[in-house]
Amino acid sequence: MGMAVAHAQASGMGGMRTAGDLVARLQLSKKMRIGEAKKYVADKLGVSVVELSDPIIMSEVRADNGFGIMMPLGKVPKGLECKFNIARKLDLDINCLNRFKARAGLA
Amino acid sequence: MSNIVTRMGDGSMLEMSEKELREDIEAGIEEAVDKGGVPPLTQDEIEYLVELFKRKERIVGVEMGNEVILTYDAATLKIKRHSLFEDRVNSLAIYERLLGADTTELCHVDYSYKMLKPIVSYEAGTLEQALSVTHAPMFYGAMPNLGLYTQPDGPFPNPMELLPQGKIKEGRAAYDEMVASAVEDIVFIAETMWEAGADGINLDTVGASGDPDFKASLLAVEKLTAKYPEMAIEMGMAGEFVLGMHGEMYHDDQRLAGLYPTEQLKLAEKAGVAIFGPVVNTNNTESTPWNLARTIALIKPCSEAATIPVHANMGMGVGAVPVTDYPPVDIVSRVSKAMVELCRLDGL
Chain A
17 MGMAVAHAQA SGMGGMRTAG DLVARLQLSK KMRIGEAKKY VADKLGVSVV ELSDPIIMSE
77 VRADNGFGIM MPLGKVPKGL ECKFNIARKL DLDINCLNRF KARAGLA
Chain B
107 MSNIVTRMGD GSMLEMSEKE LREDIEAGIE EAVDKGGVPP LTQDEIEYLV ELFKRKERIV
167 GVEMGNEVIL TYDAATLKIK RHSLFEDRVN SLAIYERLLG ADTTELCHVD YSYKMLKPIV
227 SYEAGTLEQA LSVTHAPMFY GAMPNLGLYT QPDGPFPNPM ELLPQGKIKE GRAAYDEMVA
287 SAVEDIVFIA ETMWEAGADG INLDTVGASG DPDFKASLLA VEKLTAKYPE MAIEMGMAGE
347 FVLGMHGEMY HDDQRLAGLY PTEQLKLAEK AGVAIFGPVV NTNNTESTPW NLARTIALIK
407 PCSEAATIPV HANMGMGVGA VPVTDYPPVD IVSRVSKAMV ELCRLDGL
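For the protein sequence lines, the chains are A and B, in the order given. Heads up, the first sequence is in the numbering used here, so the first residue is 17 and it goes up one at a time. Heads up, the second sequence is in the numbering used here, so the first residue is 107 and it goes up one at a time.
Hints were generated in silico from the structure; no laboratory data involved. You can trust all of the hints, since none of them are fake.
Computed footprint of chain B on chain A, listed as stretches where at least three residues anywhere in the stretch have a Cβ under 8 Å from a Cβ of chain B: (1) 19 to 26; (2) 40 to 50.
Each pair of labels, with its calculated beta carbon distance range: (3) A:V92 with B:I165: 28 to 34 Å; (4) B:Y432 with A:F100: 37 to 43 Å; (5) A:D109 with B:V215: 29 to 35 Å.
For glycine and all other residues, C-beta sits at the position ideal for the given N, C-alpha and C.
The following block holds chain B by itself, in its conformation from the complex (with noise of 0.2 Å):
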């Protein structure tokens, strides 16, 4: 009988029968498993997960007292994707005084730390702005983004055009050069506005050009927190593996690429990172059932190990939120609580 009604991992409606939900509860576990090394979940946590899945309710929630610290990427950013043309100092306040947020955080509309270097006077003044007027502790953001190094844009050769002609030394040449820039623009940024009055600055959607980016990353954190052993860095990842782009780049005798969630966070964890944001990219083709089980499988022992606050990524297409930009409630509540509740989570 199909009578659990869900959604896939694009978000469209989806029935099942209890049979059939944990058939991918299951599958979800597997390729977890299968894939990123992991435990499987317990037969407790599975008994959980089919519960969640049938119940009735649009909307659930933790249990009073498990409640979590929630931080936002891109805070200001989001309010102006809706063509709202509000002030970003107010958009902050907008923040805490009617959304209740526990964190805000600055950004500009070019997400990167690259594209700051020219205004970031500007940001600084904007941030201290913000900062005298709201109450709640507010980051600076921005992406490493390396992307953004590579001719036209930058000034480095592309390694995705050296490659495939067979470039090999030219490519991982240009990534290693990209790297110093890039940590170059991302101390500078971190660094004015940490002096401007940051409570903390966060890296965003790390690794998003795979290893080199991860390398940038860390090497920018371990610069930071050795001039400012205070300064709290959030880093939240782009996936939930690294991807080689370069593959032969390593950090403390760690090779980067392949990496998952539990392996970033002890990389970011010894770089000086205070919070660490893992990322399981959501499967829009497969049941919000069998992608929950799989993050779960994937975060909780990334989770376990930490010795700083983990604060899952669970935006729009990660954390087994579907890929939409219409999240609906009842699933939005669901893979917040399962998270939150099995991979005993800090904030997300």
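Chain A extracted, bound-state conformation (with noise of 0.2 Å):
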């Protein structure tokens, strides 16, 4: 765990504190690569790449687009919500909002 936390500060682009997460769904979903998955995102969002990593930023981002936050207190969207979120601003498919969108007849 210790070994994590150590990649994750000298290395990581830091997660749901920045926009880590929503960069990994873009090599998760359409294998881009690094530089491709960050411009991606970054235009989608209107930041420049470096804004990507840097938690000041994305978190005002974020809490704007509604795609989760690390302290998610009342009245701001949580979970599922956000994947909602991040899908259409992302513009991509994401797996369990369409087996969520089934089971619930919304498809």
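Hey, can you piece these two chains together into the complex? The hints should help.
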């Protein structure tokens, strides 16, 4: 576990603190390499590639777009609600959302 | 003058002069060139490594803008390993909302596809619950682990008993049967977890049982991506070259035994893998500069050849990380930075 933290501090994008989870989605769903994936997300969000790893800027972008934040107290989108916002803004298919819509009769 | 403080491959501290540092870096590169048939590092890359190990800071990191994506094999298992009896759904939330993980991975404590068959419905239900309350992309992961398919744990004769008796044909036939059975198990579990909503499937420690292990994984990926073209599969390897346990196992006319990362990657890409995780094992009797130079020389050509994201394995005992449960941050941060920046990785 300590090793994972060391890698995250030395080289990691920062997950939900920044845009790490969003860039990761492009690697999984479109097999994009890191440069292309970062550019895709940056262009969709209207920020620079460097800003994607900045927790100050990205926490505001995340809150504005309902992408999920590190301290999700009351009256903010959480979990699946955020995934709907992520899928729409990044123009992505998210597997569990499609399953959710089908089971809930929303498809 | 011995004024550079670094570590051995087992994590113990070591002092070296700059001359000794350069000699170790060059020897590590030479080993990779000799064994892996890769090009040597350039003089600029050698100077990068020398300067990295001369730095006095405890922690170093990549330049701003060079950050990459982290994937975590057996994530929930690593919470349990500390005797923290946290529910797995909550463990994944801890990963993303306390540790800032870019991705998460649900797994069972018995981290092999074969062992999941009787409990897959419970695993699928847990995955669905976890997906509804987290945000980061979530893998479901396990190992092909062909070692579980031989008697007395599994149904097939053990090739490791047959081969020393000279029963080569019988040993290879047993491996063929193990491959077919493992493919069936991997596909069954992966399909179930994909239909439960997983963002990706992780085949971890591929090749741990040699060329039959790699063959089963490639066949499983081909079957899965043929049925679900959008399924994201990560393939993390077990070692820097594929052990020839069978010896004559081929895939797409390519002999699997002895393949190094670049050739492994090409087969994985063709099979339909979305993220490839090459491995170079750490030698604990050599220094970290030796291990890191060797690792970069072996993995850089793989990353250069890739059309898919490459996440090098950088856990305990691989990727020049020392062989210890308590990897020191001075070494982890140095190898993390150098691997990302010199190999142009997409993730770890």
